[in-house]
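Spelled out from the first residue to the last, the chains are:
There are 4 protein chains.
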Amino acid sequence: MAHSSGRMPRYCTGVARQPMTADEVQRLHQQLSNWGRWGPEDQLGALNFITAEVTAAAASRVLSGRTVSCARPLPTQPGPDNPMPVVHHMTGTATEGYGADYFAVAPHGYSTSHIDALCHIFHEGLIYNGYGAETVTAHGAGKLGIHHLRSGIITRGVLVDVPSIRGVEALEPGEPIFPEDLEAAERATGVTVQTGDALLVRTGRWRWRETHGPWVPSEGMSGLDASCLAWLFEREVAVLGSDGVSDVMPSPVDTVPMPIHTVAIVAMGIHLLDNLDFDELSAACTTAGRWSFLLAVAPLVLNQGTASPVNPIAVL
Amino acid sequence: MAHSSGRMPRYCTGVARQPMTADEVQRLHQQLSNWGRWGPEDQLGALNFITAEVTAAAASRVLSGRTVSCARPLPTQPGPDNPMPVVHHMTGTATEGYGADYFAVAPHGYSTSHIDALCHIFHEGLIYNGYGAETVTAHGAGKLGIHHLRSGIITRGVLVDVPSIRGVEALEPGEPIFPEDLEAAERATGVTVQTGDALLVRTGRWRWRETHGPWVPSEGMSGLDASCLAWLFEREVAVLGSDGVSDVMPSPVDTVPMPIHTVAIVAMGIHLLDNLDFDELSAACTTAGRWSFLLAVAPLVLNQGTASPVNPIAVL
Amino acid sequence: MAHSSGRMPRYCTGVARQPMTADEVQRLHQQLSNWGRWGPEDQLGALNFITAEVTAAAASRVLSGRTVSCARPLPTQPGPDNPMPVVHHMTGTATEGYGADYFAVAPHGYSTSHIDALCHIFHEGLIYNGYGAETVTAHGAGKLGIHHLRSGIITRGVLVDVPSIRGVEALEPGEPIFPEDLEAAERATGVTVQTGDALLVRTGRWRWRETHGPWVPSEGMSGLDASCLAWLFEREVAVLGSDGVSDVMPSPVDTVPMPIHTVAIVAMGIHLLDNLDFDELSAACTTAGRWSFLLAVAPLVLNQGTASPVNPIAVL
Amino acid sequence: MAHSSGRMPRYCTGVARQPMTADEVQRLHQQLSNWGRWGPEDQLGALNFITAEVTAAAASRVLSGRTVSCARPLPTQPGPDNPMPVVHHMTGTATEGYGADYFAVAPHGYSTSHIDALCHIFHEGLIYNGYGAETVTAHGAGKLGIHHLRSGIITRGVLVDVPSIRGVEALEPGEPIFPEDLEAAERATGVTVQTGDALLVRTGRWRWRETHGPWVPSEGMSGLDASCLAWLFEREVAVLGSDGVSDVMPSPVDTVPMPIHTVAIVAMGIHLLDNLDFDELSAACTTAGRWSFLLAVAPLVLNQGTASPVNPIAVL
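Chains as they are written, first to last, in the numbering used here: chain A, 1 to 316; chain B, 317 to 632; chain C, 633 to 948; chain D, 949 to 1264.
No wet-lab data here; the hints were simulated from the structure. C-beta atoms are modelled at their ideal positions from N, C-alpha and C, and glycine is treated no differently. Treat the hints with caution; some may be incorrect.
Distance windows between CB atoms, simulated [stated by the list, open to error]: (1) 393/B x 999/D: 25 to 33 Å; (2) 216/A x 396/B: 15 to 23 Å; (3) 500/B x 729/C: 49 to 57 Å; (4) 188/A x 483/B: 54 to 62 Å; (5) 64/A x 393/B: 37 to 45 Å.
Using the sequences and the hints given, assemble the complete structure.
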């Protein structure tokens, strides 16, 4: 790689930026709150930014019709980044005269491409919109379950390919991404992130993994610095996706392990798409010379669920 | 209901049609074959009809941007139509400080909204495109696995609402649907089914179930008569979906339990969407006064799998 | 059947007994408490009655060496008494060159033969020995998990065959069993229940099910009346098993749905064996003319688990 | 460790023994066959050696009544020796007011303590007693399923502690055990293995793992050399257990990966207990000064299953 940085280099050199403090992140919960914005019974959060008009406009801008998956295969092999592998068994084969199967998945974590429901993360005993965390029991999520997304997410997707912006193959594990990166991408691609967009941030995680092998994600994942939260709020992003988990790990913010997860989900009501794969999409965008597209995300209708594995499809 | 028929009335009265014989269905495997049409290594079958141009054209016709799910919630309750209920357990709750869960699903059968991979059905020891059924082992489907659909299905969907055409609330269990019904729907809606379409046929199953309670599907399901197969072939339908399983049950064709599954999947390479729910979509189409829309189906990337649960999204 | 009674006949006719009140049951939590009896860190409860001497004595009384299972097959079929069927899939077959499989089980409920860990039931926020119920989280049971039974239960088993005592084929759903029945059985068989015994009470549930078909257990199950609790305490029973769930259902005790589960598990620390099958054992005991035997129960070592499916073996 | 050997040292030094050839092992299938010995419909194989008299005699020799588990906890953590970890989820916690859970297990492999059903291993298209391997389909094992063991295995267990015999802490991965070891153990302990015994062979695997960490079992496991097969046959051993998988791995026999599994299961009808843990039992036997005991194995009644996780209990 072109740059010889260690972990979290931008805090030490170059931008010379200090990480946010826990107090600063705590204040974001008020400053960037969407609680009540769409009513006291709202279950959708920032997905409300995706009006029918936004969806229609995104569809109208499809050009080639090329479709690209943003999902990894369901991860059936255990590894340091996959301690709870997907179980997949065949229940019908040549012998029985038909093909049939069964699979079992715990979508959260660092391996399965999935969307987090807003009930996934708590802050001070509350979930998005001020519902009590006690609504989440072993019977299911009484509020903000994934089934509220049954009508799907059909909106404009925008890919920010940070390694391309920085001129590297892949960001290093633990390397943070700043608002300046997002804006550099806007300038480079001519796409301005706007209300209702699905913002997809590529770190090059899977390229790094191909080269260096799997590792324990908590020891280092590239992702957005907490300073991006205000930017996401201002742009009225509806959904945030990453080939990692959007958060930098380990967290630069003392005592706040995952500020993006916490503030984006709980305060802002932004659904996160974790562990996606943008390698093919990045190539397709480069070929097409455009970095926005129609994005279709269709979560399974799991009543009171906290997540769904997904296969987001970009249509260029 | 307006008509006082028993099971399979149209064969006895009205249309006075005879069911196809097993020999006639057998001949369809040659007459309606797409084997080799897209090369000896083809894994996609009739999805090849969905070119990028077809996708782009479908996107361009979105008007309102309203999105509607065609999926049932994942069925966690057992019943006569659901002997293998989906397992759903919470693995994180208020006590643990986060919401998390796990689910397990065997998608085939008569309850889960799913898409069949082309490896699901065998005929005389072969699967679509002439691959041997022996490629389907307990290790997975060596050919025609569901992972080949990773780029998704983004095409025009057309809803044929047969109860509406026939002026009833819902078709009765076991009631067949004929090409005449499909063409009556075309005339009534002004939509002509064409190359690359996803044809969605509503029987009103779930309306019937609300009124009459659950029943054993093999004892009676409304669906397409085998005489529709040639029609599907001629129109170059890419995907076929139903709120049942597309087949009439019990089968009117002696010794061929599911002629639609067998000929459409094995000979024609048409993926089937089973156990969808078009009740909301039917209402939305009625309101919009249009019966075609953009349809987004995004199967999970389950390597060598035989199916995926799906949540197809219609965008009007 | 010989008697033409309705539900819970013994409260209305014959014995003319009044059900216990909720207050009376509440007092049993103090009167019959074993909390602290085996130390503040005890995890075994009444299993402490099974000393090595008790085990050795039970082994010494084996006569014929005939072994009899007390388990039902793992219930893979759903039904009114089995809403969460066991999942069983083959993962290796003739095609792969070996036989292999996978199963998934939620042992509690009314169908799987299982042993309850002492962490299964709470009373006023506490579990046996006064541990807080909050030790039971989605991470597992921090106290009283089933893994504490890893050394197994090898003790004397005593079968009380209530239908035989009462001269009927099977008790009716909802029919209570009283201390008088237990003592009548002692007189009839010459076996006196004593310290460390596994008391197995047959109601004839499965015989009834064969004749009448499956039903919803909460609507009627035969089991022990709450008046048996003091008797169990005095006799220092170590384990209590039933072909039902030991409790009469619906509960005759107002506001206390399962007094046997609650008092026996929480106060007395008695492990319960639910949904066993004593039909074969009853026949074997009749043939042998003896109603006590060596009983071997070997729970799986599931760390912090709340139960284990079991196959208790009686050795006559 | 006391000896400085590499892999499979006994073949190169000391005993100067040559491994068996594939032809020799092939001949064992005839020489050591129990097919037909207990009738053409036999489903139990060498368990037929455990007559009621054998069971009664084993019970009569219990002395102290101390019980010891031979099972590992169900392995929920993935690792090089556990690619398909047991899934364990809580379904009821403090919040719901009761403790409940769910687990899923694929018992075969190198981690879960389990018993192999006789349908597990095939040889030339056949399973024990000459049944066709084609009886093992995705619907289950039509012959020799684990449910045939519903009456349990209650017999004399004999522990052969090979590291103790050889004066080492643990055998090295890949180190073979010979008949001479078994006989040396007999001389050292005064126990002669006889008809109907459960022979338990300790290699010290878990002690080695504590010291060296987990490894990929196929790269090296201590176990019985194929030359032990005739010895097992002559002694009429009913069950064979190990803290490994009884086979040496990699196999010294060219082209026969697991001769013990193949000949013992298919030809001799001996059920194997894999991945047990004898560390506590070894200590208990040392303390008691006796190496035989009552062994109770109670497989779950999984209809047409190929294995069961077990917790074998030794009663000294």
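Cross-check of the supplied hints:
1. As the Cβ distance of residue 393/B to residue 999/D is approximately 48 Å, the hint placing it in 25 to 33 Å is violated.
2. For residue 216/A and residue 396/B, the hinted distance range of 15 to 23 Å is not satisfied, since their beta carbons lie about 47 Å from each other.
3. Between residue 500/B and residue 729/C, the C-beta spacing of about 54 Å keeps the proposed range 49 to 57 Å intact.
4. Checked against the hint of 54 to 62 Å, the pair residue 188/A and residue 483/B passes, with Cβ atoms roughly 59 Å apart.
5. Between residue 64/A and residue 393/B, the C-beta spacing of about 44 Å keeps the proposed range 37 to 45 Å intact.
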